[in-house]
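There are 4 protein chains.
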Amino acid sequence: MSAPMDLPKTGKRELQKEARRTAIIDAALDAFTQQGFTATKLDDVADRAGIGKGTIYLYFDSKENLFEEVVRQTLFPIRDAAAARLDSFTGSASELLTVHFSDFYVAMGNPKIPPLIAMISGEALRFPAIASFFYEEIISKSQAILRRIISRGVESGEFRPEANELYLQLLTAPVLISTTWNLQFREQAPIEIEKYMQMHIEFVLRAIKV
Amino acid sequence: MSAPMDLPKTGKRELQKEARRTAIIDAALDAFTQQGFTATKLDDVADRAGIGKGTIYLYFDSKENLFEEVVRQTLFPIRDAAAARLDSFTGSASELLTVHFSDFYVAMGNPKIPPLIAMISGEALRFPAIASFFYEEIISKSQAILRRIISRGVESGEFRPEANELYLQLLTAPVLISTTWNLQFREQAPIEIEKYMQMHIEFVLRAIKV
Amino acid sequence: MSAPMDLPKTGKRELQKEARRTAIIDAALDAFTQQGFTATKLDDVADRAGIGKGTIYLYFDSKENLFEEVVRQTLFPIRDAAAARLDSFTGSASELLTVHFSDFYVAMGNPKIPPLIAMISGEALRFPAIASFFYEEIISKSQAILRRIISRGVESGEFRPEANELYLQLLTAPVLISTTWNLQFREQAPIEIEKYMQMHIEFVLRAIKV
Amino acid sequence: MSAPMDLPKTGKRELQKEARRTAIIDAALDAFTQQGFTATKLDDVADRAGIGKGTIYLYFDSKENLFEEVVRQTLFPIRDAAAARLDSFTGSASELLTVHFSDFYVAMGNPKIPPLIAMISGEALRFPAIASFFYEEIISKSQAILRRIISRGVESGEFRPEANELYLQLLTAPVLISTTWNLQFREQAPIEIEKYMQMHIEFVLRAIKV
DNA sequence: TATGAATGAGGGTTCATTCAT
DNA sequence: TATGAATGAACCCTCATTCAT
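Residue numbers (the numbering used here), protein chains in the order written: chain P, 1 to 210; chain E, 1 to 210; chain B, 1 to 210; chain A, 1 to 210.
Treat the hints as calculated values from the structure; they're not laboratory data. A hint or two may mislead.
No distinction is drawn between identical chains; accordingly, a pair holds when it is met within one copy or between any pair of copies.
With a straight-line Cα cutoff of 20 Å, these simulated SDA-like cross-link-like pairs (lysine to any residue) come out [to be verified]:
1. K209 / I139
2. K53 / E136
3. K63 / D43
4. K17 / V175
5. K195 / N182
6. K41 / Y57
7. K41 / F127
8. K141 / I191
9. K141 / A189
10. K17 / R72
11. K112 / R186
12. K195 / Q143
13. K53 / V210
14. K41 / A144
15. K141 / N164
16. K17 / E162
17. K209 / A189
18. K141 / R186
19. K53 / G91
20. K141 / P190
21. K63 / R21
22. K141 / E187
23. K53 / I145
24. K41 / A189
25. K195 / S142
26. K195 / P128
27. K195 / E155
28. K195 / P161
Since this is a predicted model, take the numbers as computed values, not measurements.
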């Protein structure tokens with residue numbers, strides 16, 4: 001109506017709306033990860049975001065839709081960063097693998113991520129759409145990257161040819177477990193991520209190197 | 001609770017009560033693992049157990065208490081089986097490790113277990129008592145066993161001395177991930193457990209053998 | 001379980017339940033007719049019935065289902081009474097018609113009925129199921145009775161043969177209009193039902209007699 | 001409201017405002033008659049009128065006020081048309097009565113009218129002001145006209161003197177019932193208005209003619 | 001001991017109304 | 001004047017828990 005052309009949101013109104021949307025997602029991320037999906041009250045989300053309860057429905061269709069957007073906004077950047085890294089990297093496959101896992105651990109260092117992943121796992125059974133979305137957008141893309149790194153190593157003679165056949169979960173499992181662990185058992189026996197990461201990478205390399 | 005020691009209940013009344021209690025726990029296990037904690041209705045549990053809804057409250061204080069008892073009752077046998085095996089085994093540390101992991105995978109083959117573990121993870125934040133119990137009774141005991149196996153291997157010269165320092169999660173992570181995986185992503189990319197297990201064991205041995 | 005046979009509800013429990021059900025229907029009838037379907041709050045129905053809000057859902061599936069039951073319980077007896085009368089009546093067709101309309105007006109004298117019918121009309125557009133149910137169970141059965149009375153009169157030579165072809169709404173319309181009228185315009189120009197009824201019957205007979 | 005007398009607004013501004021007001025009323029009429037008062041959302045009305053939701057409140061105080069204005073604006077023309085006809089007519093009272101009813105049925109042929117009347121009936125209990133307005137402006141004026149026609153017929157010797165005493169609802173009821181009927185039971189047993197109308201007029205004349 | 005009817009707090013969602021732009 | 005984003009009260013329905021039988 002007023003904007004001369006619809007260039008990427010420049011109006012005050014549009015910026016406002018985008019900020020609101022982000023605020024709601026942030027608030028929802030906190031609430032969901034602290035309480036789980038079902039136990040989270042939209043009242044609480046609204047309070048955290050400093051808005052009225054009805055406002056949420058101006059931006060999201062339902063609680064489930066909000067949850068999806070939370071996952072999207074939070075995990076997409078990580079996935080995209082990992083992909084970008086791969087393209088620009090020059091160096092040995094071992095070095096690349098090291099960097100890749102290191103990135104992975106850094107991402108998990110964001111305190112919002114582990115609880116989010118734990119929650120997704122917990123709710124996956126009752127929300128197959130979430131599981132599916134998570135697999136397609138995050139898991140399978142991550143695995144593709146890792147697969148390419150290993151192929152590179154096999155071609156260059158750094159890794160044993162059998163590495164190409166491995167279930168990649170064998171390599172990545174410790175990352176996920178470490179985050180879950182510190183979430184649940186930090187009190188009893190915390191994992192020191194720095195040390196754990198080094199052991200993990202060495203462990204993997206020893207298993208797949210020629 | 002009331003018995004001076006936990007001698008086996010022998011009266012007809014006590015047996016009857018114990019059977020009822022077990023029936024409720026079984027029904028609750030099914031319900032919880034299929035629907036998650038919050039989504040499970042005690043009505044449903046009562047129906048599955050073939051009793052009235054109010055009866056549940058004669059045996060358990062609350063839904064949360066029931067959940068805790070379900071976890072306890074279900075995981076105890078697993079823990080006990082693992083400990084028993086170790087004591088009676090004779091053979092190389094590699095063989096023992098193989099058997100240990102194999103047992104582990106077999107336990108996870110019980111279709112009730114993976115959803116239970118997933119659920120525990122999902123609800124752990126809101127049930128610290130559960131997380132704590134899970135750690136003390138299952139995780140730490142399980143790790144102790146694994147630690148002893150590795151020690152034996154290091155002593156016998158089969159495994160590298162550094163193996164004694166490893167975070168054991170690096171070794172066991174793939175087991176847990178495999179169960180979670182098949183729970184969530186069976187549709188998209190199922191893991192063949194038999195093959196996966198062999199790769200896993202070989203992977204671990206290659207990493208820790210001298 | 002306990003009753004030796006399932007004879008018509010004799011247990012205290014069953015009587016209780018039946019009484020509850022009736023109490024809810026009565027309360028709902030009042031609320032619906034005073035406020036309309038949409039504007040009626042189940043909270044209010046519960047208060048009027050002197051029960052908790054959740055109790056309604058032990059007896060009815062939903063607000064709509066409750067509405068249907070209200071219509072059923074309230075209008076079925078009237079319909080059935082009219083049918084019974086017809087079978088037992090001996091006398092001229094004019095007399096029968098007179099009695100039939102008289103019964104009709106008596107039924108409408110029940111202060112619950114007119115508002116109920118007005119409400120059904122008002123909500124019919126948005127609840128076709130209600131309209132359909134109302135037609136099948138009340139309207140068409142009422143018309144069948146009236147049709148038989150007229151046939152009898154034509155056969156006996158009291159009524160003109162063309163009467164068999166008449167839209168019956170021409171005969172019954174004044175009954176319905178009178179109830180609606182006194183509902184809406186009692187203040188401005190009330191209809192005296194007794195006088196109105198006599199005029200109506202005379203009016204109809206004059207129009208259809210030979 | 002503000003104009004000293006209700007002279008036709010002539011300024012450009014006033015015309016614009018009047019057009020907007022009319023557009024809203026038209027949109028609201030559609031919405032109300034299709035969905036009923038409570039179920040109609042002002043969002044929907046605004047969309048139909050092609051304006052913003054807030055704009056409605058520049059022209060009407062509330063949803064209820066809008067409803068009243070819709071009824072007023074829609075029914076005024078009908079009332080006025082009926083009155084005009086009478087003054088100019090020359091012919092027998094029977095012919096005049098025929099024309100009068102015929103006009104009535106034509107007015108009801110406007111597809112907006114029957115649902116509006118049904119809705120008024122349905123909501124009348126909660127909107128006494130509407131009922132009152134409806135009576136004063138439409139019903140009583142309409143009855144006055146009919147009363148004059150009958151008087152003329154009695155004076156001319158066409159109609160029986162008792163016709164002057166009749167409740168006029170006995171004569172007009174079938175018109176209203178026919179519109180309600182086709183609204184609710186068109187599916188089950190539609191009324192053919194043309195045939196129905198002829199039967200109705202003949203029915204009435206047979207009842208009141210000498 | 002066992003039941004299941006009753007309760008009522010609680011939550012997701014809707015929508016008339018307000019108000020900053 | 002016109003907009004539409006924001007609000008929050010309201011409402012239907014659920015379900016853990018209680019309690020009379």
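| request: State whether the alpha carbon distance between K17 and V175 is at most 20 Å within one copy, between copies, both, or neither. | output: Neither: 36 Å inside a chain and 45 Å across chains, both beyond 20 Å.
| message | At most 20 Å between CA atoms: does that hold for K41 and F127 within a copy, between copies, both, or neither? | response | both (18 Å within a copy, 17 Å between copies)
| said: With identical chains, the pair K141 and E187 could be close in the same copy or across copies; at 20 Å between alpha carbons, which is it: within, between, both, or neither? | reply: between (33 Å within a copy, 17 Å between copies)
| request: Pop the pair K41 and A189 into one bin, within, between, both or neither, using alpha-carbon distances up to 20 Å. | output: Cα proximity of K41 and A189: none, with 32 Å in one copy and 34 Å across.
| query | 20 Å Cα cut-off: does K141 pair with N164 within a copy, between copies, both or neither? | reply | Only inside one copy: K141 and N164 sit 17 Å apart there, 35 Å across copies, limit 20 Å.
| query | Under a CA distance limit of 20 Å, which applies to K53 and G91: within one copy, between copies, both, or neither? | reply | neither (52 Å within a copy, 61 Å between copies)
| Same-copy or cross-copy closeness of K209 to A189 [CA-CA at most 20 Å] | neither (31 Å within a copy, 26 Å between copies)
| task | Indicate which option fits the pair K195, P128 if close means a Cα-Cα distance not exceeding 20 Å: within, between, both or neither. | result | neither (36 Å within a copy, 26 Å between copies)
| said: For K17 and E162, with the copy left unspecified, which applies at a CA distance of at most 20 Å: within, between, both, or neither? | reply: neither (52 Å within a copy, 56 Å between copies)
| From the Cα coordinates, with 20 Å as the cut-off, is the pair K53 and V210 best called within, between, both, or neither? | Close neither inside one copy (59 Å) nor across copies (62 Å); limit 20 Å.
| Under a CA distance limit of 20 Å, which applies to K195 and Q143: within one copy, between copies, both, or neither? | between (24 Å within a copy, 19 Å between copies)
| said: Within, between, both or neither: how does the pair K195, E155 come out at a Cα-Cα threshold of 20 Å? | reply: neither (30 Å within a copy, 24 Å between copies)
In this structure, the earlier hints numbered 1, 2, 4, 13, 14, 16, 17, 19, 23, 24, 25, 26 and 27 are contradicted, and the remaining ones agree with it.
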